[in-house]
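Colleague: Given only the sequences and the hints, what does the whole structure look like? Please build it.
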Amino acid sequence: MGSCWGTAIFDDHHSLIDNPSAHDPANISDFFADSSLFSVYGSGNYRPLVLTTYALTYGLFGDSLPALHAGNLILHIICACLVFVFLTCLARASSGSLPPASALTGSLVFGLHPAASQVVHYISSRSESMALLGVLGCLVLHVLSLETPVRHRRLLLRAGSIAALAGGFLSKESAVLAAPFLVATDLAVKPGWSFEDIKNRVGRMLVPVGSCLAYVWIVFSPGWIRVTAPPPAWNAVDGVDLSFLSRARALWAYYEATVWPVRLAPFRELDRSDWAALSAAVALVVLLAGLVIGAVLLLRARNRLTGLGLVIYFGALAPYLFITLNLLINENRLYAALLGIAMLAAQIHAALLSRFSSSKPMRIVTIAVTMILLLMVARDWRTSWTWASEYRLWNAAIAASPNSAEAYTGLATAYIREQNWKAAIDELERAAALPMRQGHVVQDNLGICWYHMGNREKALDHFNRAYALNHYSPEILNNLGSLLHELGNPEAALPYLEAAVRLAPAYCEGQMELLAIQRSLGHYPALAASFAQVPAHCREDPRYQGFAAWLAKERN
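At position 122 of the sequence shown the residue is numbered 122 (UniProt numbering), and the sequence of numbers has no breaks.
Note that these hints are calculated values from the structure, not bench results.
Built from N, CA and C at the ideal position, the CB exists for glycine as well.
There may be inaccurate statements among the hints.
Between beta-carbon pairs, the in silico distance windows are [said to hold, decoys possible]:
| hint | residue 1 | residue 2 | range |
| --- | --- | --- | --- |
| 1 | Asn200 | Pro99 | 28 to 34 Å |
| 2 | Tyr524 | Ala388 | 50 to 56 Å |
| 3 | Val282 | Thr370 | 38 to 44 Å |
| 4 | Asp24 | Gly546 | 20 to 26 Å |
| 5 | Asn420 | Val262 | 30 to 36 Å |
| 6 | Tyr524 | Leu487 | 37 to 43 Å |
| 7 | Ala289 | Arg355 | 24 to 30 Å |
| 8 | Leu155 | Phe195 | 20 to 26 Å |
| 9 | Val286 | Ala378 | 25 to 31 Å |
| 10 | Arg363 | Glu196 | 44 to 50 Å |
| 11 | Asp63 | Asn489 | 36 to 42 Å |
| 12 | Ala33 | Ser95 | 43 to 49 Å |
| 13 | Ile78 | Ser29 | 38 to 44 Å |
| 14 | Ile78 | Arg153 | 23 to 29 Å |
Modeller: This is the structure in structure tokens:
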């Protein structure tokens with residue numbers, strides 16, 4: 001419950017707090033047609049259901065951060081309940097020996113695991129819980145359809161399974177994990193390998209797995225969903241290792257965070273110590289061994305649920321070997337893997353119950369499980385205290401990773417929001433001295449700070465450095481163009497503002513600055529055209545009303 005009194009963190013600002021599109025329920029239909037509405041700067045993230053929950057929350061409760069955090073908590077609780085339902089249905093359908101107490105233990109491990117803290121406390125991470133909610137709904141309905149002998153009811157359940165999967169797709173790309181999860185679950189419940197069994201399995205998997213493949217193709221194909229901003233192209237990464245080896249090292253950190261979450265810290269950076277290469281090699285071996293052992297157990301007559309848990313756990317982590325790493329250990333990536341942890345915990349609990357059937361050992365098992373869950377609760381409360389403030393959060397990240405440029409940048413951003421420009425500059429200069437992937441963010445923020453400190457020359461220098469590192473940031477383009485305009489060079493400023501608006505039409509600040517430059521240059525036709533293209537949510541800006549009055553006067 002402590003999460004409900006948290007604050008907005010990191011991406012929460014550009015995707016939610018500062019994004020007027022996410023505040024109006026009238027935009028819900030637009031969320032499904034225009035992915036640029038996901039962020040005030042424009043975005044290629046197609047997550048319309050996530051935006052819909054934001055808009056409905058704003059419509060019901062206004063700009064209430066506790067309401068937004070409560071939404072994350074409610075989604076997590078629903079996921080934990082669905083884990084219990086999934087384990088219960090799976091045990092019944094596969095004739096597995098999983099008592100209700102073991103299923104409850106598994107769902108409690110999922111719900112209370114410290115690695116789920118980011119999904120609960122970080123508003124933007126609700127995309128992970130919503131995606132897994134769709135996957136869990138898909139799995140539960142699929143298992144129920146395998147149990148149902150009545151044909152029309154079976155077809156109805158399968159249709160519901162596909163609908164739940166679609167809901168996951170509309171929340172985040174990680175819902176594609178449903179494909180391997182479904183195949184493995186189907187094997188656990190219907191393990192036959194005769195020609196008839198294989199034919200029936202292919203028939204059952206054709207639509208859901210085909211939907212996952214089609215979704216991947218649609219999301220990465222231009223023209224299906226409007227994406228206004230091209231993918232970022234960083235021209236320099238300052239010597240940071242972004243190789244496959246780095247991602248393998250991250251696997252080790254993910255194992256540690258799920259199996260032994262003692263060192264769990266928000267936004268921890270990758271370990272670059274001398275033994276990092278060894279940990280990467282061990283992590284890869286463990287991944288392959290876990291998948292092989294899980295597959296073998298899944299295909300055996302016994303221990304199929306244990307095999308399914310291993311396949312889900314390692315299968316949820318395997319894709320991150322091929323996804324660009326941002327050097328920070330994001331706990332939200334572990335959310336789907338926690339389903340595998342929950343299944344394994346339930347199986348261990350069931351094995352202990354069957355091994356120690358007398359009352360005294362049973363009490364010992366119950367006490368041990370209770371102690372583990374209470375330790376998780378204590379860790380969760382400590383985590384809630386950390387996430388309650390941006391300053392606590394980023395100082396905890398710095399304590400865990402003192403050489404993390406991203407952590408210093410995060411702390412500087414918190415100072416910027418408080419208009420503590422000097423403190424922000426100190427943190428940003430520390431970040432600039434360290435290797436990092438997103439150096440343009442540091443340079444842009446330094447420009448903002450020096451601008452507000454009254455040093456326009458230094459601000460312009462840092463904005464130019466930021467632009468040299470990333471030509472596709474609407475904020476950098478807007479900041480550079482606005483400063484050039486202020487310094488009396490509107491001709492040089494115009495291309496930057498035009499690019500900012502082209503990349504992010506929903507970025508109101510860029511729209512207003514472009515109108516101001518076109519007005520100062522006397523470009524009446526261009527101003528009229530830009531004025532007509534300003535999005536509806538930007539028209540409430542007083543500056544827009546001023547331009548409207550000026551245009552009306554010019555027409556007369």
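Colleague: Next, verify each hint and record whether it holds.
Modeller: Hint check:
no. : hint                          : verdict
1   : Asn200 <-> Pro99: 28 to 34 Å  : holds, 30 Å
2   : Tyr524 <-> Ala388: 50 to 56 Å : holds, 52 Å
3   : Val282 <-> Thr370: 38 to 44 Å : violated, 33 Å
4   : Asp24 <-> Gly546: 20 to 26 Å  : holds, 23 Å
5   : Asn420 <-> Val262: 30 to 36 Å : holds, 34 Å
6   : Tyr524 <-> Leu487: 37 to 43 Å : violated, 24 Å
7   : Ala289 <-> Arg355: 24 to 30 Å : holds, 25 Å
8   : Leu155 <-> Phe195: 20 to 26 Å : holds, 23 Å
9   : Val286 <-> Ala378: 25 to 31 Å : holds, 28 Å
10  : Arg363 <-> Glu196: 44 to 50 Å : holds, 48 Å
11  : Asp63 <-> Asn489: 36 to 42 Å  : holds, 37 Å
12  : Ala33 <-> Ser95: 43 to 49 Å   : holds, 47 Å
13  : Ile78 <-> Ser29: 38 to 44 Å   : violated, 25 Å
14  : Ile78 <-> Arg153: 23 to 29 Å  : holds, 24 Å
This entry does not satisfy hints 3, 6 and 13, going by the numbered hints stated previously.
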